Amino acid sequence: MLELRPIFDAIGEFLNSILPEFWVTIVSAFGTGAIILGVASVFVLFFVWWERKVSAHMQQRYGPMRTGWHGWLQTIADGVKLLQKEDLIPRDADKLVYLFAPVVCFVAAFLAYVTIPFGEGLIVQDLNIGILYIIAITTFTVVSLLMAGWASHNKWSLLGGMRSAAQIISYEVPLSLSLIGVIMIAETLSMVSIVVQQEGWFWNWYVFRQPLGFIVYYIAATAEANRTPFDIPEAEQELVAGYNVEYSGMKWAMFFFAEYINMLTISAIAVTLFFGGWHAPAPFLDFIPSWIWFVGKCLLSVFVLMWFRWTYPRVRVDQLMAFAWKFMLPLAFVNIILTGFGIYLF
Amino acid sequence: MGLVKETTSGIYNLLLGLWVTFKHLFRKPVTLQYPDERWEMPERSRGTIVLLSDPETGELNCTACMLCAKACPVAAITIERKKDPETKKNYPTLFTLDTTVCCYCGLCEQACNFDAIKLTGKYEFSVSDKSELLYEMDFLQEIGRDVKYVKKKKAAKKAKKAAPKKDTGEKSAEKPAAKTAEEKKEDSNEEDKAKDKTSGEPKEKGPEDKTE
Amino acid sequence: MSVKQLRTEEMLINMGPQHPSTHGVCKLVIKMDGEEVKYIQPHVGFLHRSIEKIAENRNYPQFVPYTDRIDYCASMNANHAYVVAAEKLGDVEIPERAEYLRVIMAELNRIASHLVWLATFTIDLGAVTPFLYAFREREDILDLFEMTCGQRLTYNYMTIGGVGWDIPKEFEPKLRQFLKIFPSRIDDYEDLLTNNPIFLHRTKGVGVLPKETAYEYSVSGPSLRGSGVKWDIRKAEPYSIYDKFDFDIPIGTEGDAWDRYKVRLQELRESAKIVEQAIDGLPGGDFKKKVPLTWKPPEGEVFCRIEAPRGEMAYHIISDGTPKPYRMKIRTASFCNLQVLPIIGVNHMIADLVAIFGSLDIILPEVDR
Amino acid sequence: MPDRFAGRLTALEMFGNYAYTGIWLLIGVGFVLVTFWFASLIRPQRPNPTKLENYECGEMPLSASYLQFNVKYYIFALIFVIFDVEVVFLFPWAVVYNSLGLFALIEMLVFLLILIFGLAYAWKKGALQWV
Amino acid sequence: MELGVFYILAAVIVVSGLLVVTLKNIFHSALMLILCLFGVAGIYILLHADFLAAVQVLLYVGGVTILMIFAIMVTHQLTGKKIKHYNEQPVPAGLIILSLLILLIVSITRTAFEVADKAEPMPTVAVIGRALMTDYVLPFEVVSVVLLVALIGAIVIARRD
Amino acid sequence: MGIISKLPAYMETIPGGGILTTTTEKLLNLSRASSLWYMLFGLACCAIEGLMATGASRYDFDRFGMIFRASPRQSDLMIVAGTLTHKMGKRLKVLYDQMPDPKYVIAMGGCANNGGPFYYDCYSVMKGVDKIVPVDIYIPGCPPRPESVLEACIQLQEKVKKEKMGKWSASTE
Amino acid sequence: MDSESLLKYVQEEYSERIIGGEMVKGVPVFEVKPEKWVSLCGMLRDDSDTMMHSVSNYTAVDYREKHGGFKLVITIFSHILNHRLTLETLLPAKDDEIPEIETLATVWPTTIWFEREHAELFGIEFINHPDPRHLMLDDDWDEGYPMRRGWTGTDFVVKPDK
Amino acid sequence: MATLEHYLILSAILFCIGVFGLLSRRNAVGILMSIELMFNSANINFVAFSKFINPDILTGQIFSVFVIAIAAAEAAVGLAIVVLLYRNFDIVNIDKINFMKW
Ligand code: SF4
Ligand code: SF4
Ligand code: SF4
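Chains as they are written, first to last, in our numbering: chain S, 138 to 483; chain A, 5 to 216; chain Z, 140 to 508; chain U, 73 to 203; chain X, 503 to 663; chain F, 517 to 689; chain E, 164 to 325; chain W, 120 to 221.
It is worth saying that the hints were derived from the structure and are not from the lab.
Treat the hints with caution; some may be incorrect.
[Unchecked claim] Listed next, the in silico PhoX-like pairs over lysine-lysine satisfying Cα-Cα at most 25 Å (straight line):
#, chain 1, residue 1, chain 2, residue 2
1, Z, K374, Z, K412
2, F, K675, F, K647
3, A, K152, Z, K308
4, Z, K369, Z, K343
5, A, K126, Z, K308
6, Z, K374, Z, K227
7, F, K609, A, K134
8, Z, K428, E, K188
9, Z, K428, A, K74
10, Z, K463, E, K322
11, A, K9, Z, K343
12, A, K32, Z, K319
Here the structure is a predicted model, which means the values were calculated and not measured.
Take the sequences, apply the hints, and build the full model.
Shown next, in the form of structure tokens:
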């Protein structure tokens, strides 16, 4: 079996045996942090490459081919190049804010991983308020975008920052509301407990009890992650590059990094809440390790996000807002009320 | 009611769009992987300009008649000529082509009556020093060595019976040139062979695409 | 700005010359109130290449390569406009086969040009994939051009007196194959875009160009037809041999971006129809009549217009009897079409402005020349 | 209360739970800053006046960037805050809903309806209209 | 350990709080406010109020401060213009407040609070939810009315017509 | 800052440092060469061929790891594709200046090289981009075929691969 | 209306404003008095028999050597009636003189840009022009009017005759 | 272990900072920020008392939730007023506003 849990358990036990409790916490926090950072980086590197490949094949071309086999080294090359790229700060920029905007953006995306269950037992901390924690911590993204937009002292970036802030906060409401339905059924906010409740055959997955909730969630999450068709903050054709017009080199790379981490985050939430997390769709498939199921489902969800991106045009900012408030929000309300009655009746 | 209809048709069309991209996902890319695969340059390609030389003697065909320089809309060609005292033939002592101003219009080739200048399917001439873009006679001759061509004059002679005027003769010379394109393909230059295999593909895909 | 109640400061922004959606080097100075565009001032001339001045110093046949560069998306049509005008000036009769070849090439180029338009328009709306699909088809057309005249973009194909080259023998089968698959490709675009709700919302009712404004600003081409005016020089003042073919002029109703999109998409089909008819009816015979380099048309002037993909393209040539034109004025469609942008673009979001700009199909060298 | 909640937390666990967040915060910030620092070692730094000017499509900026924005953004933020509060109340409600039953449903319906009324009002007032 | 964390958080809160009221640039103030409120969320964690901490972040950081930043952008009183950020008497105000602070601290330290001996953390969400639905149902409903009024009021005030 | 330019000198002093330097240099150069992001910036006819057609499916810039960025701040390569007029020249200079180093320029087509067909009798066209910005590669053609552009990119990559470590850190402008 | 009758119609109707009219390659061409230029254009636009609501082309020609001035040539047409005609007017000017004429912008707004172009390239001043900035040339252009015949400037290379 | 007093003193300091800001800031948004600080100090008190005095009932936390909710509403309305003031008088500095103009 390829389950990873025993390994971590063993490490934990070992640590417990040689260190006082307090230090175990510290060490394991750093350890897990480093691991997750590594895993996330690998995912991001992979996603960027994958997205380029997927988009390329959807457009009947090849995508990166010449840096490593089928260009698998491409993202690494990009990263190293960005390291060497001059990192300039515009004269009129608000220097400190300008510097910290990517930091905040990255950290906000990264911190969400504290409570994402990558597999059975493969969760860093099963927070009691799990899902609420993720929603709360990712709101920092808005702050970072506003910081970036404002600090650059550039009109395009200011517009982009304002747009994205308006967009993200607007979609946050339907996003949170769409999760309420699941929480009503699951009676918990803990990610692990929600997954545990979806054990067994795939029809136990909440997506079958919360189809509406899932749709609302997925659309809102796409918007939260600034993906096409909701990528107006970066809208290349309108705002050149949105809030990160002025960013170059590593600072820009951090925004980019965070965007792809967010993609994984929203996929992970979708999988956890609606698609049975690490559970196999059927009990007899359990021999495949849980984390593979989880990652597999996440990849599928990420693929769908990419698929959207390479198919649809971008919506306009006012339509985007109207869609959030006039369509998604009522829909989320309907979902809650329906769920409420449903639970009461059955 | 309108809302319901709009929503359903909206969803249907969104899915339709997804389907289109999805089915393309499995089609073979039309990409030509350039340095490894090459596009088969058609016979009439108007790429880099070369000076042709006689395959037997290796001498330039050019008689420095200046017709090309006159025809050129951008005065890209500079020729200086000398008369060979023995053969009484003109020959160029200087023949430069300024590729930085040339617009690859092909008027010079059309003007030349001596099969001396030709626009070819070669295209890999990027340089990092601008002065190299002023092509000298030797260089033009060098890159033109492996270029096969059909003698216009012979064709013109054939056509002469039909049309005694030289102008028309030149024009009808085009047709034989087109016809022989097929045979010439094989030996036109080495590169062509390497790319033969792949270059046809994008075309062949056409019908499959449709059936899908 | 002055009314206190509405005091939201307007933002003056340079959009362009390097901006992804100005399709080249156009600068729009726009005043924005939040997202809304309140005022647009186009600045052009970044690509002013003084072609009209150059024309005064070139022999008539030598000028053909320059016409390619006036509208590089539709060089064949630009060639066509020039040679038709020059032939009219010098009363040159051309062989029928040449006329047919010209029509085939012009219509193919119209398709290619509309495909470029489709590509840039959709990419303006944020959809990247149709861009690549459209370019894929365009490549097929360029292959046809390349095998005929050896160039992919600047064809220099039509000459005064005919066309420069006859079509090679592999041209026809390839063309027929292209015509066979092309409708299904158009269907693909339509599936991706036409009824896509996002696309509809982005284009319906956006940038409405009323008929009257279109008249006043001499808008022409599909942008005019999108407003519901059935005006196509191919029908209204048939030149070349367009009166021999059977095709429709698609028109829109509202004059919004969607109508312009639809009109162009239908023109793709119509053009394919014309090409099919032309290749079927292609007569044999000569394909050009030699016109010498120092061709001297009689003194006089001519104004001749044709329907280019973007609209009316016309050459006004004044000859003084020498081998070089005395004055040549090139009337291009984009020059007039761009002028309506400040009218129909205001009070829209900036995203709409981009869409409107895209839907008008402006190509900057045509504006600047 | 369902069984699964009982006794899951000890004092240290509670603290430890979020200690992770705190330490990760440090890791995240550290990672980014170290990357920046590392990049600063190998990257060039050749500023010039034009480079430091704000980018505006190849022109010099036309006017200052800090200016007053359209109030529409603000109104959306405003509505958002109100609804965010509501979401906050919905979360604890959702957790206990199943065990409380109809009464909770009705209470929440009242709560929701009042706010939906607010939404409807905003809608009617055109506050959700961008233009 | 807990004390150490407390001091770190307290330092963050106090410093950023001070910056909020003293920084010239109001946008920077808003950012500092975010930091300060985030620190307060940390304090809530120390106090075993995890739900509250999340709410603090969600509502204050993600809501109120964003709203403030928007308001700042809409009202355009940022750098550039010469504007005074303080009224005439920051010094007297500071003195008064210093004395108030001393008074408070003294009274806090002098008071003997009846501290319950054991403070077991417990899952708070369910308890809060239950309490909201039972004991505090009236305030709960009233809040919704307050929110409604705020919404309507704010829209009426802020709309340009 | 700029340590990279001094690094080779330090490295020389330790044993095996030379190899290390060359490896690092190779790695850095390779990454820069394989990830030339070009600025979305077309001027005239050449832009259609050089940027759009080459970026489209048939030729696919992406294979070389080249993607377009709208903002000069994130791009490494400026392909000057088309006719540069005097009016545009000023703006081009600004754009070039606003690109962060390392940056490269490809002059594509006759117009960018030397005014091209608009060299004679023309009052508005600038005769060569190299008058205002340093050019790394010139592509002849009017317009050059997409393959020529790709070939120029390969040449540029070769050129980048041969760069000395720290070349860009030198403070000369 | 076909060209013949159009020619006749305009010649009769507006005889006091035109100097002469003829048929050139199937299109009626009229020579207009410069001072009646705008009014004639306006009339042709509003006349329900001509309905010339669109401009096809608008040219300036440097005829200083031949006719002693600049010529403005405008080709106007009607979508509805599908006919067109050309109007010409001669603005006398010698050497470096800058001729003046009333702007047509009030009749057809599309002429604004045409006139801007003529103004900067030929040096013709259009009185009351709503937007007299440069169109094609940069704002700081100071080398005169490049489209005038015989113009030279820095960086202007005449094609050598080979 | 941090005791109740620690929290109370922290909250007192925060409160005083808030009051100081309230008194010294001229910018209306700044004043609202100061008010938020004061709200927070109150909340810290609530939660601290709740934990230390009566840990089993989460009254303090529930109150805090209400306070946060009300604070949000207050901020919304307050900022709306600021925006309105700005629009009508072009200033956000409180002491510049002459209420007689209303
Ligand atoms: S190349 Fe041909 S046309 Fe030119 S000089 Fe030589 S022979 Fe004459
Ligand atoms: S191809 Fe055209 S521009 Fe080039 S040298 Fe020949 S005639 Fe001159
Ligand atoms: S080199 Fe030729 S194709 Fe390229 S921009 Fe110049 S004229 Fe156009």
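Checked hints:
no., hint, in the structure
1, Z/K374 / Z/K412, "15 Å, holds"
2, F/K675 / F/K647, "21 Å, holds"
3, A/K152 / Z/K308, "20 Å, holds"
4, Z/K369 / Z/K343, "20 Å, holds"
5, A/K126 / Z/K308, "23 Å, holds"
6, Z/K374 / Z/K227, "18 Å, holds"
7, F/K609 / A/K134, "19 Å, holds"
8, Z/K428 / E/K188, "22 Å, holds"
9, Z/K428 / A/K74, "20 Å, holds"
10, Z/K463 / E/K322, "13 Å, holds"
11, A/K9 / Z/K343, "17 Å, holds"
12, A/K32 / Z/K319, "19 Å, holds"
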